[in-house]
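Asker: What follows is the residue order along each chain.
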Amino acid sequence: MSKSKSYQITLTGFWIFSMINVASFLSNRKWLPWSDWINSIYSPLYKLMFGG
Amino acid sequence: MRRWNLIAVIFSFIFILSGCAGRVELNELLIVSSIGVDYKKDKTIVHFQVVNPGGTAGGQGGEPSGGSGGSVYTYTVEGETLYDAVEKGRNILPRQLLFSHITSVVIGEKYARKKGIAPLFDFMERNHEVRDNIIMFVARNSTAKDILSIYTPIFKNPGESLRNRVRLAATSTGISEGIKEKDVVRWRYGEYRDPVVQGVEIVKISGSQDDTSNLENIDANDKTYRISGLAVFKKDRMVGWLNNNQTRGWSIINQKVKDIFILSHNCDSQKGNVGFMVKNVDSKTKVHYINGKLKYVVSVKGKAILQEVTCAVDVGDPNTLLKMEKRVNQELERHIKNTVKKAQEEETDIFGFGKLLYNKDPEVWKGYKEKWNEEFSNVELETDVSIKLESVGARVETIHEQK
Amino acid sequence: MNHTINRWQLVLIVISFIMGSSLLMAPNLTAFFSGQDAWISMLFAVIIGLVLNVIWILLLKRYHFRSIFRITEVAGGKVVGTILNIVIIFYALHLASYVVRNLSNFMISNVIPESSPWTFQIMIILLAVYSCFYGLNNIGRVNEFLTPFMILFFICSLALTTNQFRFSHLQPYFEQGFLKISQGAYTTTGFPFIEIILLGSVLTYVKNKDKLSKSYLAGILLGGSALILTVFIAVGVEGAYMVKRQSYPTYELMRDISIINIFERVEVIIGVVWIFGILVKIVICLFTALKGLQHLSKSSNYHPFLLPAGLLIWAMSNHIHNNTMEFTDFVGRNWTLWWFTLYMIVLLVLSLGILRKKDKSIDPHTEDTFQ
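Protein chains in written order, with the UniProt record's numbering: chain A, 1 to 52; chain B, 1 to 403; chain C, 1 to 371.
For the record, the hints were derived by calculation from the structure and aren't laboratory data.
Do not rely on the hints blindly, as some may be mistaken.
Facing chain A, a subset of chain C residues (Cβ under 8 angstroms, in silico) [unchecked claim]:
| # | residue |
| --- | --- |
| 1 | 316 |
| 2 | 320 |
| 3 | 323 |
Computed footprint of chain C on chain B; a stretch qualifies when at least three of its residues, placed anywhere within it, have a C-beta under 8 angstroms from a C-beta of chain C [to be verified]:
| # | stretch |
| --- | --- |
| 4 | 130-138 |
| 5 | 353-362 |
| 6 | 370-378 |
Below, in silico cross-link-like pairs of lysine-lysine (DSSO-like), each with a Cα-Cα straight-line distance of 30 angstroms or less [said to hold, decoys possible]:
| # | chain 1 | residue 1 | chain 2 | residue 2 |
| --- | --- | --- | --- | --- |
| 7 | B | 235 | B | 43 |
| 8 | A | 5 | C | 298 |
| 9 | C | 298 | B | 369 |
| 10 | B | 366 | C | 180 |
| 11 | B | 371 | B | 342 |
| 12 | B | 286 | C | 180 |
| 13 | B | 342 | B | 301 |
| 14 | B | 286 | B | 341 |
| 15 | B | 371 | C | 180 |
No residue lacks a Cβ here, since even glycine has one placed at the ideal position from N, Cα and C.
Start from the sequences and build out the full structure, keeping to the hints where you can.
Answerer: Okay, here's the thing in structure tokens:
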């Protein structure tokens, strides 16, 4: 079975990404605060639509 | 293959054993069957009536058989709030309290008048074990402690007995299901209306009610309660009582009635009574807003069945029956009008008239909302009761016709 | 790994996906804004959701229902397609972690507060990973077997509460005003009716694609009607004020079931229905993510990605929010817009692809065995 280049890259990348998440969760640091980012984009829009 | 078997075993252990997370064994639990709340010098006294598992198994009444002690015990704890008392209770209770099986909450009259019922609800709603369909009572002219320290015969669990009593008393009080905690919360906070709570009192006070040996005594009146009247609250503080007739008026307006018993007093100007059971009572309240005035029309329908005649009337005569029907209608009308008058005197909207107006016409309601309690006492009431006499029972002619 | 499912299984998967996790949340999310008109909000949400999905399914039909990851690559080209695929994978994993968190929130606030949320999170993720290990056909068949029972439980439970139903709790109708009603509808449109576009990765495995769009939309309609019914009955039985304040109104509603004092305390049944729906939802999200990763890596299977995906979902479900209130507030505010963004982007790429006549380049007759 040929372990192609794209396979290597995707698998390594995905492992790194999930390990960063796990580490940030276990060490209780917010390295990737997804919800804060999403909130900062959409909250103004929501306020515009329904007024807070 | 061997490796896979091992992994399978480990995984099945994970799945099976995780069911044990946060487990509490049955013999570590103390099942609370009722809670009582009393007021004493700005403190909340909480009573937990707990079930004694040994005492409830087999035998009659609270009589111990095999197990030891009575069927229930009542612990009393003092605290600032309800939850404070629950936590302080851990110091004196032998096991962990389990609130899932509470059947009733009894509030001392003094507590209801001085502190109001509002401080109780948040804990009861927030706690995941307490159900919101527990029945509420106010201990009439007494404390919750008195109500919760009686051993009752037949039913080993006084709390359960209390709940059962509500259902049995339905034909005289009209309230077929008891007033539940969620009803009170919804009325008070969600529907612009003042709550009512059923009253309970001890039938006959005697010294040894809190002793199982009292169960040996044949006189049963000193070990039972009476469901009587309705405690009327203004906002969340108790202001007064509705008597039994007014209670029936309340329950008819609020569609709580299934069957109700009516005793008519005037019997063609003779001495004697006529008793009816009114079944399938269906009431409807409508609000009319005409020329800036509010008028409420309560219409009641139902079927009456003759139960008893103690005067000489000709039951076989259709005209007499029509007269009787009229009596029943008048009697019910009187109940309803009295109740509304009493509520208007107290300025408490215990019928949800405000909510009715809101349902029908939210715009008009906005004008009344601010001072509804005063406006409520001025609304006009009209009743339209039409009970049909359906059956006279197993006999036609009464013995009283035989002079 | 056998991935084929039939149309009936697809309908049931759609129903489970819609009812899972929304079943307990929908009454609160709508009634919080629109009070006694919550069911109207829910009705609007279902209508909007249906319209969005009709457009979606029509677009997919032009591409012969190929895997969504393949379509984006064909329609948008290599670079845009790959970026979009990564975004979709992230959305799927993110959704899975929210659903897991939703489950553990429910368990520790209403069922077993003594327990640790990790227990439930790890258990459900293990189950989902195990399901995905055996492929889509596996969950399709499990779902086919269990969903009818779940629907039966659900209908019975609702029917048992109707003796306490009062129309006066729903009056006055339309009193809340259009803004409030649409605000209630807004929260429930994204969750679950836009989330379901993730099924774009599943549709390609349906045998016999003739009436596929009809089945898909029928599933959405059925699931949506179940939600409308739930909201309608929850508000009619409890009153808007109570529903508004409860974290899981449907569960509280079932606690009130009381038939002649014997048939009581059966609310955990609805909990089971809900958890099963949640399992299906997590499996579909995980499956979509895995398929996307498999597509990116051009690998023949997705097994190497199972472990990191499971870990990622677990970690994300814990560190996205600190507490349950933050979670609910976030979902209420941003969820629909967040998903609508993805919907619009994919829609844009796909329609541009059609304008550029890229859809003709997909061969409708070859099977996606490796995609």
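Asker: Go check the stretch 130-138 of chain B versus chain C for me, would you? Three or more residues, Cβ under 8 angstroms, otherwise it fails.
Answerer: holds (count 3)
Asker: Need the status of pair residue 342 of chain B, residue 301 of chain B: alpha-carbon distance at most 30 angstroms?
Answerer: 23 angstroms, holds
Asker: Holds or violated: residue 320 of chain C as interface residue toward chain A, Cβ cutoff 8 angstroms?
Answerer: Hint on residue 320 of chain C: holds, closest Cβ of chain A at ~5 angstroms, below 8 angstroms.
Asker: Taking only the CA atoms, is the gap from residue 5 of chain A to residue 298 of chain C under or equal to 30 angstroms?
Answerer: Distance ~9 angstroms between residue 5 of chain A and residue 298 of chain C Cα, so the pair holds.
Asker: Is the hinted pair residue 366 of chain B and residue 180 of chain C satisfied, with a Cα-Cα distance of at most 30 angstroms?
Answerer: 18 angstroms, holds
Asker: What's the verdict on residue 298 of chain C and residue 369 of chain B, does the C-alpha distance respect the 30 angstroms limit or exceed it?
Answerer: 67 angstroms, violated
Asker: Is the listed coverage of the stretch 353-362 of chain B by chain C valid when you require three or more residues with a beta carbon under 8 angstroms from a beta carbon of that chain?
Answerer: Since three or more residues must qualify, the claim that chain C covers the stretch 353-362 of chain B holds, with 7 doing so at under 8 angstroms.
Asker: Next item in the hint list is residue 316 of chain C. Is there a CB on chain A closer than 8 angstroms to its CB?
Answerer: Residue 316 of chain C check passes; min Cβ-Cβ to chain A is 6 angstroms, inside 8 angstroms.
Asker: Once the shortest beta carbon distance from residue 323 of chain C to chain A is found, is it less than 8 angstroms?
Answerer: Check failed: Cβ of residue 323 of chain C comes no nearer than 12 angstroms to chain A, outside 8 angstroms.
Asker: For the pair we were handed, residue 286 of chain B and residue 180 of chain C, check the Cα-Cα distance against 30 angstroms.
Answerer: 28 angstroms, holds
Asker: With a cut-off of 30 angstroms on the C-alpha distance, tell me whether residue 371 of chain B and residue 342 of chain B pass.
Answerer: 19 angstroms, holds
Asker: Can you confirm whether chain C covers the stretch 370-378 of chain B, using C-beta to C-beta distances below 8 angstroms and requiring at least three such residues?
Answerer: Since three or more residues must qualify, the claim that chain C covers the stretch 370-378 of chain B is violated, with 0 doing so at under 8 angstroms.
When the structure is compared with the earlier hints, violations turn up for hints 3, 6 and 9 and for no others.
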